[in-house]
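K.L.:
Each chain, written out:
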Amino acid sequence: MAKGRPIRWHIAVFLAPAVLVYSAIMILPLFSTLNLSLFTRTEGGTAFVGLDNFRTLFGDPRWSAAFWNALGNNLWFFAVHMLVQNPIGILLAALLSSPRLRFSAFYRTAIFIPTILSFVVVGFIWKLILSPLWGIAPNMLDMVGLKSLFAPWLGKEEYALTTLALISVWQFVGIPMMLIYAALLSIPDDIIEAAEMDGITGWSQFWRIKLPLILPAIGIISILTFVGNFNAFDLIYVSQGALAGPNFATDILGTFLYRTFFGFQLQLGDPHMGAAIATAMFAIILVGVCIYLFLIQTRLRRYQF
Amino acid sequence: MIKTLGTALLAGTMLGGTAWGQDVTLTIESWRNDDITIWQDTLIPAFEAANPGIKVVFSPSAPADYNAVLNSKLDAGSAGDLITCRPFDASLELYNKGQLADLTSLASMANFSDVAKSAWQTDDGTATFCVPMASVIHGFLYNADAFEELGLTPPTTEEEFFAVLDKIKEDGTYVPMAMGTQDQWEAATMGYQNIGPNYWKGEEGRKALIEGTQKLTDEPWVAPFVQLAKWKDYLGDGFEAQTYPDSQNLFTLGRAAIYPTGSWEIGVFNPQVSFTMGAFPPPVPNAGDTCYISDHTDIALGMNAKTAHPEEAKTFLEWVGSPEFAALYANALPGFFSLNSTAVEMEDPLAKEFVSWREKCEPTIRSTYQILSRGTPNLENETWNASANVIRGSETPEDAAKRLQEGLASWYEPQQAQ
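As you go down the protein sequences, you meet chains Y and V in turn.
Residues 72 to 376 (this note's numbering) are what the first sequence spells out, left to right.
Residues 31 to 448 (this note's numbering) are what the second sequence spells out, left to right.
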């Protein structure tokens, strides 16, 4: 027994810093949020109410209408990113990795730069560009004779959310582009050469050889987009305010949570209902990520080079 | 070298600290960071000269963060001695939590009317916890040069109001009215709450709503929405995406003729405009009707219940309640009108015009501020949304009123009885 395997302390020691920091700043707040959602404020204190806050959130017609509206908007926000941002990102990456393209480093940097800008800057700039009063968008459309197409997009219920989603796409298209670009560069030359020997070149080479090889990267991008979009808040708050106008057409889960948790104008904040919304958001993201991990990622084929 | 400099600086601060050691320093918490120079250059020196031994520091935070910052400071016990009070529930909650002191016994409270104090009292009116400082009055600013050019006179009735707007629109030089719906609060505060009191008869309607004898679906409460729905045709192109700063610029650059607003803009606009500004009160429905104006109690000063210097803080508050302070404040900040019963002589002509309406019109406060915004859904926030919808034309006045009434009745008992 004395000669049994020594306890490998170094594992615990080396893991400790990460575990401690992660627990302190991620796990503990997460559980305290879950805990907060089970209480409510009463005269001079708080009381445990079990799942009552969730009953209000999903059962009360007003709360549930606001919640489903926010969730629906959030799904549309996500759909625009998946349908516009990621295909464009892949296309740009494919173009950038073409050996015949000149100034590719310049394009790469230029397209990536908006990603590092603050939401405040992006929201403000786009609000100005699209402003019906001082913006350059109406003038530019006028120059090409399409003034009639201009509308105060951010103020119209039917366009505001899509406009904001496209602004967000403009800002973040650099991320899928970079990830796919890296994945494309990591495809070994001999595979490409073998394809060329077999007469597969150009677009057909992209569709048949490269795309299957970058599918795992596309999967990762999709899940990053999903998590990012369901946690989104900043752009909407900066450009439309906490009431996410017009008429809550741009209200997503993040702004709904903010309004409820911190209050707005005369409405006092309700941390407990806010925590209930945060918990629902957490559950939605968790389910989404699980679907990806267990149903999609396990089926993606990986190629070892 | 740097170290020596650091030590010297440190020593300097310590010396500075000891020199003022005998004096009591009071700190004021506020959201009015625009006013910091007025406090430092005008108000505080005037007080300190009259009260040696008390030093006052004005320490504001950003307006949007004020409530959150103040609450956490009060909870942590690090808040200043004097607290600038928001009207109604935000301050009432602080008083109920024991964080604001009861100031009912302050001698200078006698200088204020009951309406002036109502924003900082318990519901039954037995305790007052902040000294009222100022109110803001709603109305319309207009470009007097443009009016002269087009041969217009400020309208007094609804009919004249739309006739003037029609003429400006016909001429085409100016945007008839500067307002947007992007920020929503313009529509509610400068629209609904501005013209509304003429229809619901000021305090009479406001109190009836609180008692539950009137509903938001009653004619006096729907009428302002009917008016707002007509404004749409007179606003600038793309008003749906026009923000509050856009509207301000549209008016100060001389591109819009009329600007529905409040007196707080006077101080901001005076240095910016190159034309003569005029003001008219919200037009009445029929000639000869009593006019009502929103004279909204907006700002007051209270005392942190846990202050280390309650006596000195009270001395300061007595001074804030005095006619002397009222005159200094109202002239330093044209557009913020003293609530003091003693009439204050003001110099700014536009501010004088606004305040003169107090003589001929019945004052009231914004209808959603007292009690009615305590529950969820919040009536004030719903009114923003409804007013913006009505102006954009995406909701009819009747539907908007019905939705507000249902929201209010869902939690407010006096409205449920019927």
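Please note that a few of the clues may not be correct.
[To be verified] Have a look at the derived ranges for each label pair, beta carbon to beta carbon: (1) V/Asn63 to Y/Leu366: 28 to 38 Å; (2) Y/Asn210 to V/Ala80: 57 to 67 Å; (3) V/Glu189 to Y/Met214: 41 to 51 Å.
[As the list claims (entries may be wrong)] The calculated SDA-like cross-link candidates involving lysine to any residue, where the alpha carbons are at most 25 Å apart (straight line), are: (4) Y/Lys218 to V/Asp267; (5) V/Lys85 to V/Asp132; (6) V/Lys237 to V/Thr406; (7) V/Lys260 to Y/Leu105.
[What the hints assert, rightly or not] Away from chain V, derived, C-beta distances all over 10 Å, residues of chain Y: (8) Tyr93; (9) Ser169; (10) Leu212; (11) Leu217; (12) Asp269; (13) Lys281; (14) Leu314.
These are computed hints drawn from the structure, not numbers from a lab.
A virtual CB, placed ideally from N, CA and C, is assigned to each residue, including glycine.
K.L.:
Each hint should be assessed against the structure and marked as holding or not.
P.N.:
Evaluation of the provided hints:
1. The beta-carbon spacing between V/Asn63 and Y/Leu366, approximately 53 Å, falls outside the hinted interval of 28 to 38 Å.
2. The hinted range of 57 to 67 Å is satisfied by Y/Asn210 and V/Ala80, whose Cβ atoms lie roughly 58 Å apart.
3. At roughly 43 Å, the beta carbons of V/Glu189 and Y/Met214 sit within the given window of 41 to 51 Å.
4. At most 25 Å may separate the alpha-carbon atoms for a hinted pair to count; Y/Lys218 and V/Asp267 meet this at roughly 12 Å.
5. The straight-line distance between the Cα atoms of V/Lys85 and V/Asp132 is roughly 23 Å, inside the 25 Å bound, and the hint therefore holds.
6. With a CA separation close to 20 Å, the supplied pair V/Lys237 and V/Thr406 stays within the 25 Å bound.
7. Under the criterion of a C-alpha separation no larger than 25 Å, the hint pairing V/Lys260 with Y/Leu105 is inconsistent with the structure, at around 48 Å.
8. The claim that Y/Tyr93 is not at the interface with chain V holds, since no C-beta of that chain comes within 10 Å of its own (minimum 26 Å).
9. For Y/Ser169, the non-interface assignment is confirmed: its Cβ lies about 40 Å from the closest Cβ of chain V, beyond the 10 Å cut-off.
10. In this structure Y/Leu212 is separated from chain V by more than 10 Å, as the shortest Cβ-Cβ distance comes to about 12 Å.
11. At the 10 Å boundary, the C-beta of Y/Leu217 stays outside the reach of chain V, the nearest C-beta of that chain being 16 Å off.
12. For Y/Asp269, the requirement that its beta carbon stay farther than 10 Å from each beta carbon of chain V is met, with the minimum near 55 Å.
13. No Cβ of chain V comes within 10 Å of the Cβ of Y/Lys281; the nearest lies about 42 Å off, and the non-interface call holds.
14. The non-interface label for Y/Leu314 is inconsistent with chain V: the shortest C-beta to C-beta separation is roughly 6 Å, within 10 Å.
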